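Colleague: Below are the chains, spelled out letter by letter.
2 protein chains.
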Amino acid sequence: LEEQDESRVLELFEDMHAADIADLLEFLPSKNRRTLVSLLGDKLPPELFIEVEGEAQFDLYEAVSNEQIADAVTELDTDDAVYVIEELDAEDRAEVLRALTVDDRAAIEENLSYPDESAGRMMQRDLVALPEFWTVGQAIDFLRSEDESIPSDFYDIFVVDPGHKPVGSVPLSRIMRSARNISLGEIKDDDLHLVDVAMDKEEVAYRFTKYHLISAAVIDAAGRVVGVITVDDVIEVIEDEAEEDLLALAGVSSDLGVNEGLTDIIKNRFLWLFVNLGTAVMASIVIGLFEGTIEQMVALAVLMPIIASMGGNAATQTMTVAVRAIATKELTSLNAMRVLNREVIIATVNGAALAVIAGTISWLWYDNITLGLVFAFALVFNMIVAGACGLLTPLTLNRFGIDPAIASSVFVTTVTDVVGFFVFLGVAAAVLL
Amino acid sequence: LEEQDESRVLELFEDMHAADIADLLEFLPSKNRRTLVSLLGDKLPPELFIEVEGEAQFDLYEAVSNEQIADAVTELDTDDAVYVIEELDAEDRAEVLRALTVDDRAAIEENLSYPDESAGRMMQRDLVALPEFWTVGQAIDFLRSEDESIPSDFYDIFVVDPGHKPVGSVPLSRIMRSARNISLGEIKDDDLHLVDVAMDKEEVAYRFTKYHLISAAVIDAAGRVVGVITVDDVIEVIEDEAEEDLLALAGVSSDLGVNEGLTDIIKNRFLWLFVNLGTAVMASIVIGLFEGTIEQMVALAVLMPIIASMGGNAATQTMTVAVRAIATKELTSLNAMRVLNREVIIATVNGAALAVIAGTISWLWYDNITLGLVFAFALVFNMIVAGACGLLTPLTLNRFGIDPAIASSVFVTTVTDVVGFFVFLGVAAAVLL
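Protein chains in written order, with the working numbering: chain A, 47 to 479; chain B, 47 to 479.
It is worth saying that the hints were derived from the structure and are not from the lab.
If you're wondering where the values come from, they're calculated on a predicted model, not measured in any experiment.
Hints may be right or wrong, so weigh each one.
The list makes no distinction among identical chains, and a pair is therefore deemed to hold if it is satisfied within one copy or across any two copies.
Said to hold, decoys possible - No farther apart than 30 Å at their CA atoms in a straight line, the calculated lysine-lysine pairs in the BS3-like style are these:
1) Lys313 x Lys211
2) Lys375 x Lys256
3) Lys89 x Lys313
4) Lys211 x Lys77
5) Lys77 x Lys313
6) Lys256 x Lys211
7) Lys375 x Lys89
8) Lys77 x Lys375
9) Lys77 x Lys256
Bound conformation, chain A alone (with noise of 0.2 Å):
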């Protein structure tokens, strides 16, 4: 397919949408992408620069010239086009910004001037915002003029106020459904779910599932409008902050997918296990203070690891769900005793049930009751300690300001091996021999 028939693929290139074009480019071979790239030359859609991820996005952008990036810059949205900006390296950003005009490098640079991951960055500059005695025949009116600042797709009009502050907004629909002579301000929503510039993108991803927001005004610290932010935008906040906290959890930089670099992943996973080779270490001390104790028993060292095992899960189930409850704000300084109380008991009533159990085949294995019964207590004393500790532990970060899902992991199990190994090898060291 890929090889010479020019015409024969520009045909088929012709109709596809640009994520198609994305998700073909991501599965080929790195060669295979350079010659696709500039066989379609200044046929290539301009979203395919926002569409495509990973060692795919690194060949498009250096098979590119950056005039046409400049020119696909310049057909798209603001926020878009902030982004393509922001793949850049200083040398070709500066390039690209001088090849736009004076109005789209101003917008662009004043997006960038917002902090990373803020609600500036990802607002929209165009916008629909009209006075409140407007009628909705002279709002449609306006919107079939050429008037150069009506984006080409949105889905609510704001009510501004004569200072441009928004003082409520009406859903294209409602507009439609009324008779030219009504008055936007009689059929305005007054319920408005403004976003602060510099409110950060999860909140804003919050306020929009929460109250199943289209599209959200933005304004200034000065109360005017300054941008739109819509609900696409807002999905790949949302993809992004599910992945984030998934991947954090099992110690894996979120950036990184099956198609990143191939050093950089190395890199980046490298770094956790390093950790927690430093946190198993830790447990092996714990447990070399106790040689003597299992060198007399060895039955010791062959049930050891079902403690640390159990207490790793029951605290990893508890501090995912805390995770989870914190980012989605249904766990909160205000129910966290509630909520702690509630860990203790799952964590009594589960470590009981399991240590009758676990407790009875150390017993019958070893034809050692007293064994069973150390095994036993450890076990429900661990799995206590697993439940408070997996959720005061990402409750205390998240205090902090610390991303609960980054660093809860590490500590967490940490303490469930050392309390885990303490208590069985001790006790047993002290009931045993």
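Chain A is already provided as a structure; the job is to place chain B on it using the hints.
Modeller: Okay, now just chain B, sitting in the frame of chain A:
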């Protein structure tokens, strides 16, 4: 606040969004919930029934009459109404359905006839579908009419042929920007992203995300438009999916957040811990095979948890990336071999680096270079197994139609524990004694 002053309370709630009332209900203790619900009486917003979750949902549904539920259901969109009906037990459900108009009942019953996780369940039935030859002016006049089938919120107008089959769609913003005499056929997007009534809701969410859709027409087996899915419903699916994967990997069923009933949570988590006890016992049996070896060299017991822990962590990294990549369709059978090669390289490089560190530590600790070498070898070996197994397990489960997030963890950690202990103790027994 919640005690006597009825009118104050009612006043406070008047302007509150249903989502905020739902949050409040979830934070309140059970008794106060019922008081509040009965106080609000018929001022309860219908949306409250879909916003509220967990125990608060149970309390709300208990506290109101079936008549009140029927009133709320009448006000809601089809998809939301179906959600409410699904939450009721058989008896209440029948009573509520009987209280509805024939049309509402028929619509709800048809949605309920589609499979549980399908587009048919998610869709709303009211939509705007107009013939191709209608002009923008005719469309606007129709929308201004009081026609009952017109939904209150919509974002696209679907263009249909005489057989009610979709041939295109027009976003509202484009209608508003076009002159009255232009026909819908001229301005429609041909690029239809149709959703089949039987399509899985995850697939629906994938398409919405990929193609940045705001709404999409749902067609039946004959290709006729029967409903519409809007982006706000899709956001919920995306959030639920990501959450499901996150929790499933940690061994928690997804329905059970911090607000659920205690018994359900205990049962749900117990199951996983019980399975895990089984696998931990398997690992212990492997250790038991080498009791004699450990008795002669207790250092092995001290070091062996490190092997298992590192293998488990490396496997979790790979597995989590794989589960996520399968969910986002970045990982398919097309690129599985390439990704496997990469994972083996990653595991070998990181395994070798960590083995040098860990081997040196153990050598110095016990002043035994052979022990250090055996330990390092077992570590590398187990990490390569972890990488391969962490990737192949979710891929294989997915191939057989099993959700990779649910079953992968147990299997993968069992393999790394068993392999890790067996190789380390086995090689040690052969070489060191």
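Colleague: Are there hints from earlier that the structure breaks, and if so, what are their numbers?
Modeller: Violated: hints 1, 3, 4.
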